[in-house]
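Protein chains in written order, with full-length UniProt numbering: chain G, 1 to 357; chain V, 1 to 296.
Check the hints yourself; a few may be wrong.
[What the hints assert, rightly or not] To spell it out: a stretch of chain G is covered by chain V in this simulated footprint if at least three of its residues, at any positions, have a beta carbon under 8 Å from a beta carbon of chain V; those stretches are:
(1) 75-83
(2) 92-103
[Claimed, not checked] A short, non-exhaustive set of chain V residues, derived as facing chain G with CB atoms under 8 Å:
(3) Asp-197
(4) Pro-211
(5) Leu-280
[Unchecked claim] Label pairs and their computed distance ranges (CB to CB):
(6) Leu-280(V) to Lys-132(G): 20 to 30 Å
(7) Leu-133(V) to Ser-38(G): 27 to 37 Å
(8) Lys-103(G) to Ile-278(V): 32 to 42 Å
(9) Lys-103(G) to Met-138(V): 44 to 54 Å
(10) Lys-167(G) to Ser-181(V): 34 to 44 Å
(11) Asp-185(V) to Glu-302(G): 54 to 64 Å
(12) Tyr-153(V) to Leu-70(G): 27 to 37 Å
(13) Val-124(G) to Gly-20(V): 48 to 58 Å
(14) Lys-132(G) to Ala-104(V): 28 to 38 Å
(15) Leu-55(V) to Lys-132(G): 16 to 26 Å
Calculated from the structure, these hints are not laboratory results. Here the structure is a predicted model, which means the values were calculated and not measured. Think of the CB as a built atom: it goes at the ideal place given N, C-alpha and C, for glycine as much as any other residue.
Read off the chains here:
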Amino acid sequence: MASVTVKDIRKTYGDLEVIHGLNLEIEDGAFVVLLGPSGCGKSTLLRMIAGLEPITHGEISIGGQVVNDLHPKDRNIAMVFQNYALYAHMKVFENMAFSMRLKKTPQAEIEKKVNWAAEILNLVPYLNRQPKQLSGGQRQRVAMGRAIVRNPQVFLFDEPLSNLDAKLRVQMRTEIKELHQRLKTTTVYVTHDQIEAMTMADRIVILRDGYIEQIGAPMEVYNRPANLFVAEFIGSPGINLVRGEVAAENGAPVLRAEGIAIPLPTAAKLAPGQKIVYGIRPEHLVPAHGGAGIPAKVSVVEPTGPEMHIYTDLAGTEVCAVSRDHLDYGPGQDIRLSPMLDQVHLFDQESGKAIGR
Amino acid sequence: MQGPRFTRILRDITAVLVVGIFMFPIFWWGLTSIKPISAIFNKDEVVFFDFEPTLVNYQVVLFGKSRAELAIESGSTFGVGGGSTYDSRKTILDSTLVAVGSTALTVFLGVIAAYALSRINFRGRQAYLNWILSQRFMPPIAIIVPIVFMYHYAGLRDTITGLIFIHTLINLPIAVLLMKSFFDDVPVDVDEAAMLDGATRFQIFRKVILPLVTGGVAATAVLCFVFSWTEFLLSLFLTNQIRTLPVKISTFVTSTGSEWGFISALGTSAIVPSFIFILLVQKQLVRGLTLGSLKD
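Construct the entire structure; sequences and hints are all you get.
Pasting the structure below:
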């Protein structure tokens with residue numbers, strides 16, 4: 001187990017810089033998720049930590065040792081790939097034993113370690129099978145087994161669940177988290193799925209276009225997004241955003257957008273006329289009764305079981321409200337929505353940065 | 001239901017017909033080889049089974065008996081040809097050596113070249129690939145004269161080694177391109193996983209990637225073998241004493257007539273070694289096809 005330090009890392013392909021000076025400190029035993037849309041550089045960063053991609057500029061150290069010029073096999077790391085990358089011609093046992101065979105580990109020790117890993121991962125009945133005889137989830141477990149038998153300092157996961165179906169993905173998510181809690185090995189996990197990131201991570205690193213947008217614990221990132229990008233990327237259904245201008249109405253600050261006025265939290269430092277983006281998560285926007293709230297028109301209602309997603313048209317913007325109550329709304333109906341003022345996120349329109357935080 | 005059953009019957013009939021069309025020439029060739037001359041050259045009717053089977057043709061091409069000898073043995077006069085020999089045992093041996101040798105060399109060179117082209121990123125890789133492909137555009141007849149001279153001065157004319165080299169030269173482009181596509185089908189992640197597991201480049205190639213493409217190697221080997229086994233033009237120009245099967249068979253067509261009996265007997269015999277070779281690699285061929293995808 002070891003910490004990982006990424007210091008001023010840059011990556012260029014020819015003239016194109018794809019990673020622009022990242023700094024990241026991953027503590028020993030942490031589960032860090034690199035999250036971002038495709039092309040944000042998260043996989044490239046992971047591959048640089050693994051040593052599969054040369055580092056253009058900067059320094060990566062694992063356990064205090066700079067590994068820039070170290071061959072991947074000497075970094076004492078293990079990686080799990082999206083497509084499992086199993087050795088299809090070897091049985092499950094041999095897949096897991098491969099690294100030890102290369103090191104000429106005695107057979108007794110190989111057996112001990114593989115059996116230990118197989119037990120953790122529930123693979124004991126499959127040790128004598130070929131990878132092609134296994135399901136996707138089992139294959140991914142073999143890939144993890146191959147990683148854990150080596151007892152590495154750091155685990156790297158490159159979108160390991162993307163090839164699995166939705167149900168299996170949820171199950172494997174829990175298994176990976178359990179594995180981490182059991183082994184306490186420092187883990188760096190790359191995904192584009194924000195739910196995976198939210199559910200598994202100790203800390204989420206959100207990347208965009210080769211820059212880090214925010215680093216924080218899942219709930220911190222969710223509740224206090226540093227900018228518009230993070231706010232939009234995290235959360236499902238996504239955060240509601242309304243663009244407008246700050247104005248004062250009866251002495252209280254409001255957001256004017258398309259002829260409607262939305263109350264703003266008084267604590268925020270805002271200047272009249274300032275162009276801002278008003279953000280509120282669907283669960284903080286509740287259908288109001290009586291005359292209170294902002295008027296909107298229902299367009300689609302989606303019951304998910306535990307809650308209802310009500311999509312509405314609020315001054316030309318699509319806004320979603322989530323309600324745990326079973327409400328009887330239909331398309332075209334008028335609705336009044338009342339935002340929880342203390343849960344409002346305000347962003348500067350130009351820079352996209354959060355205001356008043 | 002009438003529909004599906006009718007379709008099934010139609011499909012079976014079509015399959016039998018297609019196989020029949022492909023198999024008939026081989027069958028006819030085999031049949032011709034055991035016919036006496038009178039049955040081969042019957043211009044009044046097509047002879048199928050209405051003849052006295054004879055192994056005379058095989059005795060001539062495979063056991064080195066001359067016609068005169070056979071005529072004396074059987075106590076009858078036996079057409080033209082007299083004492084000349086059509087013994088082809090050495091031809092079969094030569095052909096086998098050339099085909100096996102050139103196949104082995106082609107597959108060896110092709111596999112390592114294709115692995116490099118598939119996995120190692122070097123300057124001019126695409127140009128190099130195109131250049132390899134362009135070698136395939138070249139018809140052998142266009143370069144035969146310079147090659148004859150080169151072979152003459154290099155002392156390779158009329159040698160097994162020389163034939164192995166020239167067949168390798170012709171086969172190599174297709175072997176490289178074919179093998180490259182098989183290597184390309186194996187995700188690079190597998191190489192990387194092995195690299196992280198501590199394997200060296202050579203260990204990755206030898207222990208991980210090569211076993212995954214055995215099917216491709218088998219397919220390439222079959223292609224190369226069949227090409228070499230049937231190659232005529234280059235072998236004809238580059239040899240005098242050593243004769244490969246196609247060249248030897250062509251010598252049975254003479255100014256005084258074609259020895260159809262001998263041609264068919266040698267042709268039928270020529271099927272056997274290539275048949276054995278394909279049987280040997282067939283297991284790998286099927287295995288390679290089913291091992292296939294690593295993902296799903």
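Hint numbers not upheld by this structure, sorted from lowest to highest: Those not satisfied are hints 5, 11, 12, 15.
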